[in-house]
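A.B. asks: Chain residues, written in single-letter form:
Protein chains: 2
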Amino acid sequence: MPELRKDPILGRWVIIATERAKRPKDFKRDIVNLPEGDCPFCRGNEHETSAELFSIRDDKGDWRVRVIPSRKPFLKSDDKLWKKGKGPYDLMAAFGSHETVIETPEHIANMADLEVAQIKDVLRVYCIRAGEIEKDLRIKYVLLFKNYGYDAGAGPIKHSRSQIIAAPVNLKRVKEELEGAKSYYNYHQRCVFCDICSQELSQKERIVLDEEGFLALVPFAPRFPFEIWIMPKKHSPYFCGINDGEMYGLAKVMKKILTKLKVLLNDPAYNYVIHTAPFKRQYPGYWSTIDDDFHWHIEITPRLTRVAGFEWGSGFYICPVLPEEAAKFLREI
Amino acid sequence: MPELRKDPILGRWVIIATERAKRPKDFKRDIVNLPEGDCPFCRGNEHETSAELFSIRDDKGDWRVRVIPSRKPFLKSDDKLWKKGKGPYDLMAAFGSHETVIETPEHIANMADLEVAQIKDVLRVYCIRAGEIEKDLRIKYVLLFKNYGYDAGAGPIKHSRSQIIAAPVNLKRVKEELEGAKSYYNYHQRCVFCDICSQELSQKERIVLDEEGFLALVPFAPRFPFEIWIMPKKHSPYFCGINDGEMYGLAKVMKKILTKLKVLLNDPAYNYVIHTAPFKRQYPGYWSTIDDDFHWHIEITPRLTRVAGFEWGSGFYICPVLPEEAAKFLREI
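Residue numbers (the numbering used here), protein chains in the order written: chain A, 1 to 333; chain B, 1 to 333.
Excised from the complex, chain A in its bound form (with noise of 0.2 Å):
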């Protein structure tokens, strides 16, 4: 039975994931390309899937994108939320829910290459399936994110899509992000995350776009070359708060952004996660300011370096790249 199990030192949630066990032997890197006819993601390859969870259809009754229970899930909501010690050691359940979305009907690999309405229609199954989520109150943080290519930990169809993962604990990454921030608009009553905006927007240095209200950029300290940020420019702290208009026009710079990593970096295999505020109905107490300090953004990494012991060890990144020249050669096309 998979579990989740914490770090006592460190306070990290692993997730063990013992359906997925494998032999030492397992871990041989094979890349399997299923040939066109046989995706199990394509129209008219519905029933080797599990039942759909949601879609989107067109006037026909033909969907456009697919909601399905992950065919290898991480955390599942067919048990009960147990937790229990054991000497120094905390472990829960498994519990939580691990969903795919499928972003298009088509044979297509890259999100680059969706229509902008069609990667509106992917954000907009982003919020409705995190607003179906966060009725259960046992959940405390929907992950919305994206694996593209086999070096960012995608599996062997490629046939683009995304996945939604509802977990129950705060995750260790965000959850520092959220207090960061927290810390920072405590001591300057300002968001940090705001204050980037306007210091990006009077440098113009590390901004890649500014367009439809969003600023795509190159943080100021990245882990990685040539990643990316997307964030509003407009304080919103909820990803699920952007209406009609923004989701159009953030999916048009999603479009933008993820075509010129394709052409000018060689079609990188990368990944995509979404930070957004937790579900308004946490942290009544402690979060109280959190419409004020938090604000939700994309973080785009393509995966173009290993990541050394150092890293790892030290939690101390070296970025082979300067942030500024990244976003010169990004804006160039």
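Check each hint, because a few of them may be wrong.
A pair holds if it fits inside one copy or across any two, identical chains being indistinguishable in the list.
Stated by the list, open to error - List of simulated lysine-lysine pairs, BS3-like, C-alpha gap at most 30 Å: (1) 204 / 83; (2) 86 / 172; (3) 86 / 234; (4) 80 / 280; (5) 328 / 76; (6) 175 / 6; (7) 204 / 80; (8) 140 / 182; (9) 158 / 256; (10) 80 / 175; (11) 262 / 6; (12) 84 / 140.
Think of the hints as simulated: they come from the structure by calculation, not from any bench.
Got chain A sorted already, so can you dock chain B onto it with the hints?
C.D. replies: For chain B alone, kept in the frame of chain A given last:
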């Protein structure tokens, strides 16, 4: 000029290593295997490296372990330790040092294949160099680590070596560990690592080796499959506090563990990082209990899986192997 930049939200320092700056086309994954005779780290080719900083020599005067400045240093001591702010951002000189420890004069790739006495000499060199670096009061932490194999971030030359980085800032991951251990100590008045040792000794499920006063174990909540920690059973905050006999015992345990990884997991890439309490001279007030609450250990992480966007973006790791099964498997030979 390389510099350190601080993420204004997370407080994480990043090295912007502009001297390594690459054009996007340079990110191709080339592996160059150097012919053995051309290895600059082998005995006889000393003229191909910078002047040595330190060495351990045998009775005939031949070196056994040799320390040189890194050929591509991330941090350098030939700059002033300047610090400045720019709007919400903080930056400082990439001040510090970066040394390479050549672990053998022979062209041997994996530390697992060195003699125990040779590994002991490497450990001794770590302590001697760290003691030397400590004299510079601008240095906050010394990280001792190894990258072995391509997936662990090692370079193309297959000659066993490790690295010593001295940084002018506290490293995020290490600081979190110090703070986590302190917080556990404040609550329980016991060292969390000592409690982990007793728990593991009574459960006996995750111990791989229990020899020479050291435990080698798979942690309860590992981030990576087959991750192993080696720690002294006796409470000891400072790695460099180990005596000659303990150093020899540790070398024996390391040789056994690295050989197990090599044989059982098919010579995987791996990293190890030594986590020790920082120099005694630091934190005279804040860390006043550090002798009681921290406990040095070595974290060894084979690189068998890819890390996906979910993990980077959330700090929420997925380990596909049950730690108890990993330990059982590693105990078998």
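A.B. asks: Now tell me if each hint is right for this structure.
C.D. replies: For each hint, the structure was consulted:
1. 204 / 83: Result: close only across copies, 22 Å inter versus 49 Å intra.
2. 86 / 172: Both. Shortest intra-copy (22 Å) and inter-copy (28 Å) distances satisfy the 30 Å Cα cut-off.
3. 86 / 234: between (47 Å within a copy, 22 Å between copies)
4. 80 / 280: within (24 Å within a copy, 47 Å between copies)
5. 328 / 76: Only across copies: residue 328 and residue 76 sit 27 Å apart there, 44 Å inside one copy, limit 30 Å.
6. 175 / 6: both (15 Å within a copy, 18 Å between copies)
7. 204 / 80: between (51 Å within a copy, 28 Å between copies)
8. 140 / 182: Result: close both inside a copy and across copies, 18 Å intra and 27 Å inter.
9. 158 / 256: Answer is within: at 21 Å inside a copy they meet the 30 Å cutoff, but 42 Å across does not.
10. 80 / 175: So residue 80 and residue 175 pass the 30 Å test inside one copy only (24 Å; across, 35 Å).
11. 262 / 6: between (38 Å within a copy, 29 Å between copies)
12. 84 / 140: Within one copy only: 18 Å inside a chain, 38 Å across chains, cut-off 30 Å.
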